[in-house]
Amino acid sequence: MVRRILELYVAGDNIHSRRAKDNLDDIVGLLGEMVSVEVIDVIKAPAAAFARRIFATPALIAISDEQTTLIIGDLSDRAAVLHKLGVSPGKV
Amino acid sequence: MAETATAPNAKISTGIAGFDAMTGGGLPRGRVSAIIGTAGAGKTVFAMQTLIHRVKETGGTGVFVSFEQSVPGVLADMTSFAWDAGPLIDAGRIVVFDGRPRADILLSGAFDIAGLLAAVEGACGDAPPACVVFDGIDTLLTMLPTPGAQRGELLRLQDHVHRLGGSVLLTVKASSLADSSFESLALYMADCVVELERAFEDGLSSRRLRIQKYRSSSHAESRFPLVMTSRGVEVELVDTAEQELPISGERLSTGIERLDAMLTGGYFRGSSTLLSGAPGTAKTTLGTRFLEAVCRRGERALGIFFDEAPEEVLRNIASVGTDLAVHRAAGMLRMHGMADRTGGPDEFVHEIIGQIIAHRPQHLLVDPISVFTASTVSQSAVRRLVQFCKRQGITIVLTSLVERNAVDSENSRSYVSTLCDNWIHLSYVVHGGERNRALTIVKSRGTAHSNQVGELLLSDDGITIADVYTEEGVVLMGSLRWQKERAGAIAVHEAEAAAAQHYRDVERAADDIARRIANLNAELAEKQQELTRFRDRATEMEERQTEGRSGIARLRRARDADLSSAPNDGGEGRGS
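Heads up: the sequence lines are chains A and U, in that order.
For what it's worth, our numbering labels the leading residue of the first sequence as 79, then goes sequentially.
For what it's worth, our numbering labels the leading residue of the second sequence as 7, then goes sequentially.
Just so you know, these hints were derived from the structure itself, not from any lab.
Note that the Cβ used here is the ideal one computed from N, Cα and C, for glycine as well.
Keep in mind that the hints are not guaranteed to be accurate.
To give an idea of the chain A side of the interface with chain U (calculated C-beta under 7 Å), a few residues [as the list claims (entries may be wrong)]:
{"no.": "1", "residue": "87"}
{"no.": "2", "residue": "89"}
{"no.": "3", "residue": "121"}
{"no.": "4", "residue": "124"}
{"no.": "5", "residue": "127"}
{"no.": "6", "residue": "131"}
{"no.": "7", "residue": "132"}
{"no.": "8", "residue": "158"}
{"no.": "9", "residue": "159"}
Could you put together the complete structure from these sequences and hints?
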């Protein structure tokens with residue numbers, strides 16, 4: 079059962095977008111749980127960006143039962159991202 | 007396209023008339039403009055006002071991205087001004103985007119603002135927005151790790167704006183920090199930079215606007231007052247161009263006969279008069295008297311009252327027989343109360359000028375002008391008001407409250423008195439247990455005015471000015487003046503009696519002399535007659551002597567002839 083939804087908002091296919099996608103793949107692997115991952119290109123779907131109040135890209139929105147978390151950037155600091163997602167450092 | 011930015015039509019009106027005038031049309035179309043300023047300087051209001059004006063003018067959509075306020079907060083601000091923003095918001099033509107970074111946000115690695123730009127596009131549907139405001143963009147930029155990244159993102163924004171063709175306004179908080187590199191970057195990038203300042207003087211705030219730069223456009227260079235009203239911000243343009251002021255030689259009655267006489271006819275039309283004085287010295291009474299006088303002539307007048315409500319003024323001046331209610335009802339007089347105003351000097355003058363434009367008076371009373379302090383902001387505000395009225399040919403009467411009753415306190419509003427053509431000072435003179443009102447004409451340009459201090463007398467039937475007596479350098483008023491007047495009357499009576507006596511004496515002397523002259527004339531005539539008689543007798547005697555002498559001669563000739571003719575000639579002897 080999916081306990082977590084991850085929405086990655088990127089702006090086109092630039093270096094930030096690619097790094098963010100790569101980093102997200104790694105992070106999903108480290109989470110070790112069933113997650114739903116969706117990558118949204120705000121250039122193609124500006125209305126979605128407006129709806130989600132995306133003011134910077136890349137932006138990761140993590141939706142779980144407990145909370146909604148916003149992480150801005152290419153997710154290069156994986157430990158910090160995992161911590162923010164509520165995953166204990168020991169599991170990493 | 008955006009490349010035609012240098013053409014005159016490449017400007018978009020902001021709806022702020024003064025700003026559009028000083029820039030020759032407004033902000034650059036399809037470009038980035040930055041509004042920079044300290045907190046409370048009016049940046050957000052300027053941006054909102056422009057946004058709403060653009061939406062109304064184009065019929066399009068506007069996006070307001072706030073990095074500082076919530077959506078309800080922004081909407082409340084927009085609807086609090088008289089812009090009629092509600093229907094536009096309801097119709098979805100003004101979209102507010104909450105760009106505040108959430109407190110729990112995690113920054114992890116490099117990012118850009120492409121998402122924001124996409125979201126702005128997404129907010130408007132298919133058509134590009136008419137105008138976009140990024141309010142407090144410095145908040146977003148400070149999240150970027152390096153000045154290089156900040157620069158990169160600003161350039162991204164600029165590119166985006168050029169592509170969209172709409173106009174973008176950034177508001178930037180002026181930072182006290184010296185190393186606010188994004189600030190200078192924003193200024194570098196923007197095509198038009200408007201700088202707003204807010205200062206406090208004497209507890210009143212004042213705002214100034216300056217155009218720091220405007221690419222490919224001429225613009226007014228100086229700092230202009232920015233006023234904040236219920237209609238938003240407005241730039242008060244200071245018309246510094248030399249202009250022929252209307253000059254009139256026409257005298258207008260002050261409403262007080264004796265004061266007219268002291269001013270040789272009254273105030274000049276289009277002149278300015280300062281009525282200064284301590285509390286209760288009848289400044290309002292004198293000022294409103296003038297309004298009544300001009301209304302009676304059938305001319306329009308405006309009264310601005312800072313101390314009392316118009317109804318209170320009407321009641322108080324009715325006690326000295328001044329009736330303004332009738333002129334107010336007839337629409338000739340507008341009485342505008344400003345007792346509850348909290349703005350600064352710029353706002354006051356803006357409101358007064360608004361009243362002048364609405365009512366179009368020929369005469370203006372501001373009671374009192376001393377709500378404007380001696381601060382530089384106040385001075386420039388009063389100067390603007392006086393200049394505005396002069397150009398319109400409006401006669402101005404300003405009252406000014408002087409706290410102390412000292413002579414040197416007349417100088418406390420020296421800049422106002424310098425501005426004004428006439429200066430009448432009202433004071434109390436306390437002497438002999440009485441407090442009396444004194445009126446002095448301190449100056450009156452172009453008038454041979456009276457130097458005398460007059461005593462102002464208020465009664466049910468009106469206002470008069472009595473001459474005062476000066477005795478050993480002390481001005482006498484009230485009952486002392488009465489005593490002096492009475493003493494004077496007795497002195498006059500005595501002098502009259504003495505004069506009458508003297509007249510009689512002289513008359514008598516003259517009669518005496520005339521009589522003596524008559525006697526002498528008679529004597530003279532007698533002597534002359536005597537002389538005539540002597541002269542006649544002398545003539546008679548002379549004639550007689552002459553006759554006697556010729557008789558003798560005749561006898562002598564006869565005897566000589568006898569002697570010579572006897573021996574040889576008988577002819578001569580016979581012929582005679």
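Tested hints:
no. : hint : result
1   : 87   : holds (6 Å)
2   : 89   : holds (3 Å)
3   : 121  : holds (6 Å)
4   : 124  : holds (3 Å)
5   : 127  : holds (4 Å)
6   : 131  : holds (6 Å)
7   : 132  : holds (4 Å)
8   : 158  : holds (6 Å)
9   : 159  : holds (5 Å)
Checked against the numbered hints above, the structure violates none of them.
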